[in-house]
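A.B. asks: From first to last, the protein sequence lines are chains G and U. Everything in the first sequence is counted per numbering that gives the first Met the number 0, starting at 0 for the first residue and increasing by one. Everything in the second sequence is counted per numbering that gives the first Met the number 0, starting at 0 for the first residue and increasing by one.
Check each hint, because a few of them may be wrong.
Example chain G residues on the side facing chain U (calculated, C-beta under 10 Å, incomplete) [unchecked claim]:
no. : residue
1   : E104
2   : P109
3   : H117
4   : L118
5   : N194
Below, a sample of chain U positions facing chain G; criterion: calculated Cβ distance under 8 Å [unchecked claim]:
no. : residue
6   : I13
7   : L14
8   : P16
9   : Q17
10  : A61
11  : L65
12  : N68
13  : V70
14  : I71
These aren't lab readings, by the way, just hints derived from the structure by calculation. Glycine included, each C-beta is placed from N, C-alpha and C at the ideal position.
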Amino acid sequence: MSAGSASTTLDSARIGVVTFPGTLDDRDAARAVRLAGGEPVSLFHADGDLQGVDAVVLPGGFSYGDYLRAGAISRFAPAMDALVDAAKGGLPVLGICNGFQVLTEAHLLPGSMIKNDHLHFVCREQVLAVENAETAWTNAYTAGQHITIPLKNQDGQFVADERTLDELEGEGRVAFRYVGGNPNGSRRDIAGISNAAGNVVGLMPHPEHAVEAGFGPDSPAGQRAGTDGLGFFTSVLASLVHA
Amino acid sequence: MGRVVVEVMPKPEILDPQGKAVVGALPRLGFTQFSGVRQGKRFELEVDGEVTSEVLDAARQAAETLLSNPVIEDVVRVADASEESAGAVA
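Just chain U, with the same shape it has in the complex (with noise of 0.2 Å):
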């Protein structure tokens, strides 16, 4: 079974509310070192076989018309799952 990562974050001149509540929060945790937060969206799509091309196509297009809203979002990573866990799981 394979998957598919898509995420999408809110465009930078969008103020992102959430990312201001998150970013207000964190000082009363001792954590100072953090300026800004932004808030974004992971999904994981999965498919029966493997992560071919035409389904990283088929998730690129998802990922434009209903994942998210071009008005206040961008996607910015469209990538099979498999390739990610290697390096980000540091």
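One chain only, chain G, in its complex shape (with noise of 0.2 Å):
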């Protein structure tokens, strides 16, 4: 933000975050690309214009309040017009809980959100299974590596019919899964999908809120000292790195 941080910013790999009316947690995605080492760019939903950005973030909260369906209206927002062009043409794409909500209703994703199962709002620290450790944004944890993270939200049961969620198995598309417990009524306790090239990743738990010790979720380094969530965010440099 600063002119004094031009020198180290210049070469920094630039991820957009962008913010619908309702959007909350932009500035903790922001945060967590500025400690994996880029340099976030906020973007605005009314924008067609991606500013050049290497990468997005859609972020989590009730875009739109929820209204008609999760995501559903923001879906249509000029800067998903423009997203859902730059996604296709392999740029990487994160979409946390309503962010991976409106990747569903862009067709970016498939399946969707629905209620939770128990029709109970969810907030816990959520355990889960990297399955797929080679997507864009997946790549600095390994194949079946365990991390927590928070999980918090009311529409969050992932439904895709049978032929989907074999196709998503059978392709190694299923990013993550939940561990200990389905939390919400999930298909096959999925957490998380990629798409085909793995570009476009989305989940329901929040990796932006477990990146900077004394903040996070417990974890056998002490109280709140989790930091499972930034090599979401590190595996985006990493790729964009090696693109």
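Using the hints, build the complex out of the two chains.
C.D. replies: In structure tokens form, the structure reads like this:
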């Protein structure tokens, strides 16, 4: 942001973070990008110009109050028109929670999210198994690795027809699965998925809330010491360097 | 002023958590006849003029693209509201 940092950010990757009306976690997503070593760029839903960013995060929240269906109205924002084209061209895109819902509504990822099977809002630290460590957003992890990041939603039950689920499994596109109990009734314990190319990833839990010791989930290293979410953001930076 | 009614329901194979909660509450009020509830949505789209076939076509398109998500929902009805009032309000 300041002129003094211009020399260091000049060659660092620029990661866009889109703000929709009702987005809550855009600041945390931008902070996660910064802590990982990238330069966050604020993008606005009404602006169809992606400002030449190298990757985009669609953050969590309740865009348009979840009216109609979660993510349904945001999906038609001018920024999304540009994003759908760019994602099809290989731009790395991460959808977190409401951002994941927007990606399914935009048909960049299959399936959809409906209300949690128990109808309650869930807010807890959630263990996930990283199933695919080869996507643009997961290459810092190893396949099978367990990570702990916060989960907080009411419409988090991932659903898709059996054929789509089989396809996702067969192509290794289940990126994350819930471990230690299914918190919302998601089909086959699926917490996150990717597109076929691996540049678009969506998940319900929140990696951006587990990126700095002192402000993350509890971990063996200490209370609130968990930083398991940081790998999402270092992954994309690494994938851009190697692109 | 005309009005088009669009009705959207969760797909039969999709579990409807809200309907399930409602069917669970009905017996507590003494309504023991109902074994299942599915909860859908009804939209009323207003137009300044008459409900023409073009208006209905546009409503069908809106229903498929924005008002419903084909992954989880079916559009079960798109109709001119003036044609339903006679029979429906029994």
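A.B. asks: Identify whether the interface hint at U/A61 stands, where standing means a beta carbon of chain G within less than 8 Å of its own.
C.D. replies: violated, 11 Å
A.B. asks: Regarding the hint that G/L118 lies at the interface with chain U, is the smallest CB-CB distance below 10 Å?
C.D. replies: Where the cut-off is 10 Å and the nearest Cβ of chain U is about 5 Å from G/L118, the hint holds.
A.B. asks: Does the interface hint hold: is G/E104 within less than 10 Å of chain U, judged Cβ to Cβ?
C.D. replies: holds, 7 Å
A.B. asks: The hint names U/L65 as touching chain G; please verify it with the least Cβ-Cβ distance against 8 Å.
C.D. replies: Where the cut-off is 8 Å and the nearest Cβ of chain G is about 7 Å from U/L65, the hint holds.
A.B. asks: Does the CB of G/H117 sit less than 10 Å away from some CB of chain U?
C.D. replies: G/H117 check passes; min Cβ-Cβ to chain U is 8 Å, inside 10 Å.
A.B. asks: Is the interface hint satisfied for U/L14? The criterion is a beta-carbon contact with chain G at less than 8 Å.
C.D. replies: Hint holds; U/L14 Cβ to chain G Cβ min 7 Å, cut 8 Å.
A.B. asks: Using 8 Å as the Cβ threshold, decide whether U/I13 counts as touching chain G.
C.D. replies: holds, 6 Å
A.B. asks: Per the CB criterion, is G/N194 less than 10 Å away from chain U?
C.D. replies: violated, 15 Å
A.B. asks: Using Cβ atoms only, decide whether U/I71 comes closer than 8 Å to chain G, and label the hint accordingly.
C.D. replies: holds, 5 Å
A.B. asks: Let me know if the C-beta of U/N68 comes in closer than 8 Å to any C-beta of chain G, holds or violated.
C.D. replies: It holds, given that the least Cβ distance between U/N68 and chain G is near 6 Å, below 8 Å.
A.B. asks: Against chain G, run the beta carbon of U/Q17 and see if the smallest gap drops under 8 Å.
C.D. replies: holds, 6 Å
A.B. asks: Against chain G, run the beta carbon of U/P16 and see if the smallest gap drops under 8 Å.
C.D. replies: With Cβ-Cβ at 5 Å, under 8 Å, it holds.
The structure fails hints 5, 10 (numbered hints given earlier, in ascending order).
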